[in-house]
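S.K.: The lines below spell out each chain.
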Amino acid sequence: DVKVTQSSRYLVKRTGEKVFLECVQDMDHENMFWYRQDPGLGLRLIYFSYDVKMKEKGDIPEGYSVSREKKERFSLILESASTNQTSMYLCASRDFSYNSPLHFGNGTRLTVT
Amino acid sequence: AQKVTQAQTEISVVEKEDVTLDCVYETRDTTYYLFWYKQPPSGELVFLIRRNSFDEQNEISGRYSWNFQKSTSSFNFTITASQVVDSAVYFCALTPLPIIQGAQKLVFGQGTRLTINP
Numbered sequence: 001d002v003k004v005t006q007s008s009r010y011l012v013k014r015t016g017e018k019v020f021l022e023c024v025q026d027m028d029h030e031n032m033f034w035y036r037q038d039p040g041l042g043l044r045l046i047y048f049s050y051d052v053k054m055k056e057k058g059d060i061p062e063g064y065s066v067s068r069e070k071k072e073r074f075s076l077i078l079e080s081a082s083t084n085q086t087s088m089y090l091c092a093s094r095d096f097s098y099n100s101p102l103h104f105g106n107g108t109r110l111t112v113t
Numbered sequence: 001a002q003k004v005t006q007a008q009t010e011i012s013v014v015e016k017e018d019v020t021l022d023c024v025y026e027t028r029d030t031t032y033y034l035f036w037y038k039q040p041p042s043g044e045l046v047f048l049i050r051r052n053s054f055d056e057q058n059e060i061s062g063r064y065s066w067n068f069q070k071s072t073s074s075f076n077f078t079i080t081a082s083q084v085v086d087s088a089v090y091f092c093a094l095t096p097l098p099i100i101q102g103a104q105k106l107v108f109g110q111g112t113r114l115t116i117n118p
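Sequence order for the protein chains is A and B.
Be aware that the first sequence starts at 1, since it is given in my numbering, and climbs by one per residue.
Be aware that the second sequence starts at 1, since it is given in my numbering, and climbs by one per residue.
One chain only, chain A, in its complex shape:
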């Protein structure tokens, strides 16, 4: 079974802090994704990566950056956290086939105060 692990389940940070959200997958998947989930808005794509060191902006990349130095790890970075970035963050991965399903982690609930 595919395992996608997000380093923290809950995180509380202060406005202006630099925040790192880590995600690791164990199935050698090429593609990894960061989504943000908010009530009434569903899941919105922040960034995705289709290979090591490759990244593409999703629909809401502003205020975020990502890093993929190794195939199994995809990090989401909030350079200067703001209260409107309080949300549930979901990491996902899948293999090279564009129609294969995403496998999700359990999510990180980030609160910025």
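A few of these clues could be false.
As the list claims (entries may be wrong) - Cross-link-like lysine to aspartate or glutamate pairs, in silico, DMTMM-like; alpha carbons within 25 Å at most:
1. B:Lys3 / A:Glu62
2. B:Lys105 / A:Asp38
3. A:Lys53 / A:Glu69
4. B:Lys38 / A:Glu22
5. B:Lys70 / A:Asp51
6. B:Lys105 / A:Glu56
7. A:Lys3 / B:Glu44
8. A:Lys57 / B:Asp86
9. B:Lys70 / A:Glu56
10. A:Lys71 / B:Glu44
11. A:Lys55 / B:Glu44
12. A:Lys55 / B:Asp29
13. B:Lys38 / A:Glu69
14. A:Lys57 / B:Glu26
15. B:Lys38 / B:Glu10
16. B:Lys105 / A:Glu17
17. A:Lys70 / B:Glu44
18. A:Lys13 / B:Glu44
19. B:Lys38 / A:Glu79
20. B:Lys38 / A:Asp95
21. B:Lys3 / A:Asp26
22. A:Lys13 / A:Glu30
23. A:Lys57 / B:Asp29
24. A:Lys53 / A:Glu30
25. B:Lys3 / A:Asp38
26. B:Lys3 / A:Asp28
27. B:Lys3 / A:Glu56
28. A:Lys71 / A:Asp95
29. B:Lys38 / A:Asp26
30. B:Lys38 / A:Asp38
31. B:Lys70 / A:Glu72
32. B:Lys105 / A:Asp28
33. B:Lys70 / A:Glu62
34. B:Lys105 / A:Glu22
35. B:Lys3 / A:Glu22
36. A:Lys70 / A:Asp38
37. B:Lys38 / A:Asp59
38. B:Lys70 / A:Asp38
39. B:Lys105 / A:Asp95
40. A:Lys3 / B:Asp86
Since the hints were derived computationally from the structure, they do not count as laboratory data.
Using the hints provided, position chain B relative to the given structure of chain A.
M.R.: The following block gives chain B in isolation, referenced to the frame of chain A:
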């Protein structure tokens, strides 16, 4: 642009009732895939089904069934004889043909929160 709409924000039914979750999508692509995911209280989204745009056959898996109608751009999900364990948030999603080989942008609907009461 692609868009997925799940107009039902919340649904609450009594156990053993049948319930249908609606999903309407918009895309200009002729080739695309549709998905349904379940998000139980634990938070992890679980893949339920995938359907490609050329296959309009309905699918049944136990108490779950899916009705894909290209003419109305809908991909509805029905749970028959619902159970308390079906309580979750359900998401419908669409992936268009990727511009970059292997890069799949999955576009999600807003989700429907389903509560099954005993």
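S.K.: For this structure, which hints from the list above don't hold up?
M.R.: 5, 8, 9, 13, 16, 19, 21, 22, 26, 31, 33, 35, 36 and 38
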